[in-house]
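Given next are the chains, with one letter for each unit.
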Amino acid sequence: MAMASSNHETLLERLWRWVAQSWMFIAFFIGFFLFWELSISVFNVPLYILTPPSMIVIKASADLPRLFSYAYITGLETVLGYIVAIVIALPLGLAIAFSSILRKTIYPFFVMIEMVPKIAFAPLFISWLGFGLLPKVIIVFLVCFFPIVLNAILAFNSLSEELQRFSRSTGAGTWRTFVKIRLPAALPQCFVGFKYAGLNATVGAAIAEFIGSDEGLGFYIQITTGNMRPELAFAGIFFLTAIGLILFGIITLAERLLIPWHISVRRPQI
Amino acid sequence: MKSLIELKGVSKTYGAGVSAVHAFGPVSLDIAEGEFISFLGPSGCGKSTLMLMIAGLLEVSEGAIRLGGADVCGPQTDIGIMFQDNTLVPWRSVRGNVELQLEMRGISIESQRDHVTSLLKSVALEDFASRFPFELSGGMQQRAAFCQAMVHDPKIVLLDEPLGKLDAMTREHIRADLQRLWMKTRPTVVFVTHSIEEAVQLSSKVAVITPRPGRIETVINIDLPFPRDLAIKGSAEFTGHVRHIQEIFHGYGVI
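Here the protein sequences come in this chain order: A and B.
Sequential numbering from 1 applies to the first sequence in this note's numbering.
Sequential numbering from 271 applies to the second sequence in this note's numbering.
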């Protein structure tokens, strides 16, 4: 009976356990914001430099419509760039993994480009394509593309020798071997690329907007900072973070659904 | 009994020219149908290399291998193989892993449902059919891997140190399972090992392989009744065989 109760604890019990385990972090977190709140008045920090968190909440809630519409724009750039990167990088990674010609030509080229900070291309794309959505999507794409393609190549190239031999000994064709063994075996490493790219996607979108745009959260952060409204800049940063978190949450969810068996996903058994 | 596996002057050399490394052979041997033969030798002697060459997964440098009268050139698909590291995939359950062997061969798993169930039952895994490999102990994983290697009823089974990574007690237990399984259908088994006692307990014949480059020093008939239980393992004949093989390896400075 004692076993059963420990397996089926209520929500309240779980919450209490979480608080008991991480109260130090919670205390630190609350303390951090309290310190911030109080130190503004204690040290006489001018409000155009830094505002207390309470004021950020109040001022931002007055500007919510704009924040949401800009978050939509930046979110769209991020998601479009990310999806296009996956759609192109995954098949390309697969092709490079299995073609010795591509492995000798495109692969070293990609490894070389991986050394270049992709964000450095941003001003060029803005100057070529203007202020619209497209150059931002391209910059997010560039930031996401390389981690996905390089991890995909690694993923499809690293099937264990035993499983390769096993496949050959069954006489199965290329397609069947791919579907039943190579693809599922490659997914965990592919997700390493997906996650890394997901973390960088909003960075790409924000910087692209800093460089040239008239809408979006990056634009918002830049304009409000210029207007000495740091509380609104913080609100913009918060919304940008939220976009990143939602994207990362979706990727993590997909990982749980697609590779529940993998060690990075499964929880300890007992 | 007729020969099912024929090795004729088989040898393996890696590389070419002055940097060539002579890894194995030449070896000639006939293995009869229904035989359980062990390739017994120290690590690095090339016994796993020989197994891979029989499976057609590695090319012979010289000589020829015949299975059932046909030359081996390319992977053999009508045999069962178990490698040193098992080929259970982490994304499938125990049953799913056994069925993988069938699916890869395009055999309908519907028609084999009962067969898979009885196979799992024969190694006491019927209650673990829906478990995943990471939920099993090392010994259970190897028993599942046996089922995967045997589910398509191969006439020839190649086992490359399948018990090598298990602890001594589990090893002892699974040896008995393996022997029972073999006695049921009597496939021809090639068993690669470096454990003298294991080879003597399981085999009808033991091919003693010398240190690198491996050659067959001698083939010993183990004329003891199956199953070989504790009483037989304690017999003078059994210990005599073990002692004899120990002396051979002692002569080579291996032990």
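These are calculated hints, taken from the structure and not from any lab test.
Among the clues, some could well be false.
[Claimed, not checked] Each pair of labels, with its calculated beta carbon distance range:
id	chain 1	residue 1	chain 2	residue 2	range
1	A	Ala120	B	Cys343	19 to 29 Å
2	A	Pro108	B	Ala438	25 to 35 Å
3	B	Asp348	A	Leu257	54 to 64 Å
4	A	Arg256	B	Lys278	50 to 60 Å
5	A	Ile101	B	Ala394	48 to 58 Å
[Unchecked claim] Here are some of the chain A residues that sit facing chain B, going by a computed Cβ distance under 7 Å:
id	residue
6	Gly31
7	Ser158
8	Leu163
9	Gly173
10	Arg182
11	Pro188
12	Lys195
13	Tyr196
14	Glu215
15	Trp261
16	Ser264
C-beta atoms are modelled at their ideal positions from N, C-alpha and C, and glycine is treated no differently.
Hints, verified against the model:
A hinted range of 19 to 29 Å is violated for the C-beta pair Ala120(A) and Cys343(B), which are about 55 Å apart. The hint said 25 to 35 Å for the Cβ distance between Pro108(A) and Ala438(B), and at roughly 49 Å that hint is violated. Checked against the hint of 54 to 64 Å, the pair Asp348(B) and Leu257(A) fails, with Cβ atoms roughly 38 Å apart. Separation of Arg256(A) from Lys278(B) is about 55 Å and conforms to the stated range, judged on CB atoms against 50 to 60 Å.
At roughly 51 Å, the beta carbons of Ile101(A) and Ala394(B) sit within the given window of 48 to 58 Å. Interface hint at Gly31(A): violated, since its Cβ lies 41 Å from the closest Cβ of chain B, which is beyond the 7 Å cut-off. Evaluation of the Ser158(A) hint against chain B yields a violated restraint, the C-beta minimum of about 14 Å exceeding 7 Å. Nearest Cβ of chain B to the Cβ of Leu163(A): about 6 Å, under the 7 Å cut. The hint holds.
Among the interface hints, the one on Gly173(A) is violated; its C-beta lies about 9 Å from the nearest C-beta in chain B, farther than the 7 Å criterion. Taking 7 Å as the C-beta cut-off, the interface hint given for Arg182(A) is violated, the closest approach to chain B being about 11 Å. Taken as an interface hint, Pro188(A) does not check out: its beta carbon lies about 9 Å from the nearest beta carbon of chain B, beyond 7 Å. Interface restraint check: Lys195(A) against chain B, minimum CB-CB distance 19 Å, threshold 7 Å, status violated.
A distance limit of 7 Å between C-beta atoms decides the matter here; for Tyr196(A) the minimum to chain B is near 22 Å, and the interface restraint is violated. The closest approach between the C-beta of Glu215(A) and any C-beta of chain B is roughly 44 Å, which is over the 7 Å cut-off, so the hint fails. A least Cβ separation of about 5 Å between Trp261(A) and chain B falls short of the 7 Å threshold, and the interface hint therefore holds. At its closest, the beta carbon of Ser264(A) sits 11 Å from a beta carbon of chain B; the interface hint therefore is violated under the 7 Å criterion.
Against the hints set out earlier in the document, violations occur for numbers 1, 2, 3, 6, 7, 9, 10, 11, 12, 13, 14 and 16.
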